[in-house]
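Build out the structure end to end from the sequences listed, making use of the hints.
Here's the letter readout for the chains.
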Amino acid sequence: MPVCPIGHRSEDAEYCDVCGRPMDATIPASTIAGFCRNCGAARTPDARFCESCGTRFEDPRRPEPDASTGHRGIPRIPGPRPPVSAPQGWVAVVNADRAYYNSVIAELGPDAPDLEFPPYCPERRIPLRDGEVWIGRRSASRGIAPAIDLGEPPADPGVSHLHAVLNARADGTWTLTDHGARNGTTMNGEVEPLKAMVPVPVGDGDRIHVGAWTTITLTRRGGP
Amino acid sequence: MSDLPEFRISVDQNPYLPDGGRDMHAIVSVEARAPGGAGTGTGAEAAEVIVIDTSGSMSFGGKMAAAKRAAVTAVDVLRDGVHFAVVAGANRPRMIFPQGERLVRADERTRQSAARAVRRLDAAGGTAIGSWLRLADRLLAGHDGAVRHAILLTDGKNQHESADELDAALRQCEGRFVCDARGVGTDWEVAELRKIASALLGGFLDVPDPADLEADFRAMARAAMGKRVADVALRVWTPQAAELRFLKQMVPAVEDLTARRVASGERTGDYPVGAWGSEAREYHLCVRVPAGGIGQRMRAAWVKLVAPDGAVLASGNVLAEWTDDEARSTRINRRVAHHTGQSELAEAVREGLEARRAGDEETATRRLGRAVVLAREVGNEQIAGLLDRVVEVVDGESGTVRLRSGVAKADEMALDTRSVRTVRTVRTRPGPARDHVSEPDQSGRSDEAGRAEQAGPPGEAGS
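Chains as they are written, first to last, in our numbering: chain A, 81 to 304; chain B, 16 to 478.
Don't take each hint at face value.
What the hints assert, rightly or not - Not close to chain B: a few residues of chain A, all C-beta gaps over 10 angstroms, as computed:
id: 1; residue: Met81
id: 2; residue: Cys96
id: 3; residue: Ala105
id: 4; residue: Ala186
id: 5; residue: Glu196
id: 6; residue: Met267
id: 7; residue: Leu274
id: 8; residue: Arg300
Said to hold, decoys possible - On the chain A side, residues computed to face chain B include the following (Cβ under 8 angstroms):
id: 9; residue: Tyr95
id: 10; residue: Val98
id: 11; residue: Cys99
id: 12; residue: Gly100
id: 13; residue: Arg101
id: 14; residue: Pro102
id: 15; residue: Asn118
id: 16; residue: Cys133
These are calculated hints, taken from the structure and not from any lab test.
The beta carbon of each residue, even a glycine, is placed where N, CA and C say it ideally should be.
Shown next, in the form of structure tokens:
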């Protein structure tokens, strides 16, 4: 069945059966941050509630793709869905990274909030068991439970609840997508953050910097 | 049915909405052309019940004699093979022809027998319209698939049963047959007949002069014979999270259909519109859609005409597109404006007359003054003329009026009855892909189509 520009299935090939959009429309991604998953209305980047139907958005900067399809490369919200098989042997190594912390503090300058580097933060090794692995902070009230949970003590205050996502590809490699996180995502010591919603390929040894001090290093078969 | 009319839907609208705009208005015109023209032809299978008020008051002013002539004329118009009956209404309904509670096939012999039975009628008793309608419903019940139609004539208020009984009868009959209602003389209740005709998807009209009944009945029966397909519905799809704010029939008369929605799918609702022959009707719909971004286009509504078997007879799109070009988004579609004015006119007349009856002169003066302005704006000269008999127009521009005293009852009833009858907008350019092309009808030919379909009397009220 044809799928409309925001991901509804439609029997009519001219206008979507669900939202009425022309089936061949292109969505000007620059002007909108996504669509309400309840009513399909476009949403602005800062909207916390849908202007049309009042649905609360989970993250003000995160689009709400239709839950039934992962369309236009927008990562899906975590939830029940057919498991994607993950390539074997990958592990995310999570560290409090002093060098990254220093660069964050330097960039924030004198207005830096009171961000203490955690005095004790053991390395964690998290196997990538699923084809879709979220980096974020757990929220019981919103039902968010990312596999790489940076809300575990010492919680990194600079990490969004749904910060970024690792997706397995068919060829056994991974992509990383910043999910429009407030403080962004950088890689391998770069200063320039990743563009939100644009998947970038990642592989063995790549370092992912999020929040105030967290660096996640991807490794295969034990790694460093 | 092999000779289904050919239906066409065309949509008039300004599809442009400003940033954040959500309400889209459109005029949906539905036109049906029967193959072989509008003549009665062989037509569809039809069943007709003629209900004549025979309460005691009918014996005054020649009403009974006129009603009998009218009923005979209507029977004469029925073509061979149509199933029919004639019913006399009083405290209880009574079969006039045939004698048993059933319909008979029209032919030379049955038409003559019916005429003889009608001529023997005498007026006696009261008025219990609900019970008359229930009998019509029982008579028509076995004729599903046929065009089922009743003609109801009364001269008085529904005094011999309660309003609840009438309402219950209307609920029972709704969707089972179409009923055109006529009030003769000036002792009947406008609101009552309006309710009946509205519930049963028919027209209603005042016939102050009994002499006009015959021609009116002939036209009504002819129109009924011209119907080719029964139980048609407008099916309206609206997108997710949209809301159909209203759907009103505007031509031949204002009739708000919004509350008649029967859900027919997750995002579709059906609105019954009765039987169709060769005729044209217009609908005004307003849909509230989720706001879209500048440049976004969408289908705001998809209107289909569906036959009882589910066949789609015609369809049309109501579109929406958001633009930051104010010249586009602020443009007013003339036909939408025209029909908006006619809706408001009908409302102003009704409220003005209600206030006048209630003795609230201030409200009556204000509302009827507004009606004078609107009648001029939309070019509804019939209503303008009728208003003239109820109010004295001091300044037609501003709507400054004075209530007349000693208004004839017939004039007030005519205005009340006809306030919903609209004038058609005239298209200045043919073709289905029109945009902003209509002009209000300035010719003064009021409700031409309404007359063809609903068979108004030959003379205007009181003229």
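Numbered hints the structure breaks, given as an ascending list: 2, 3
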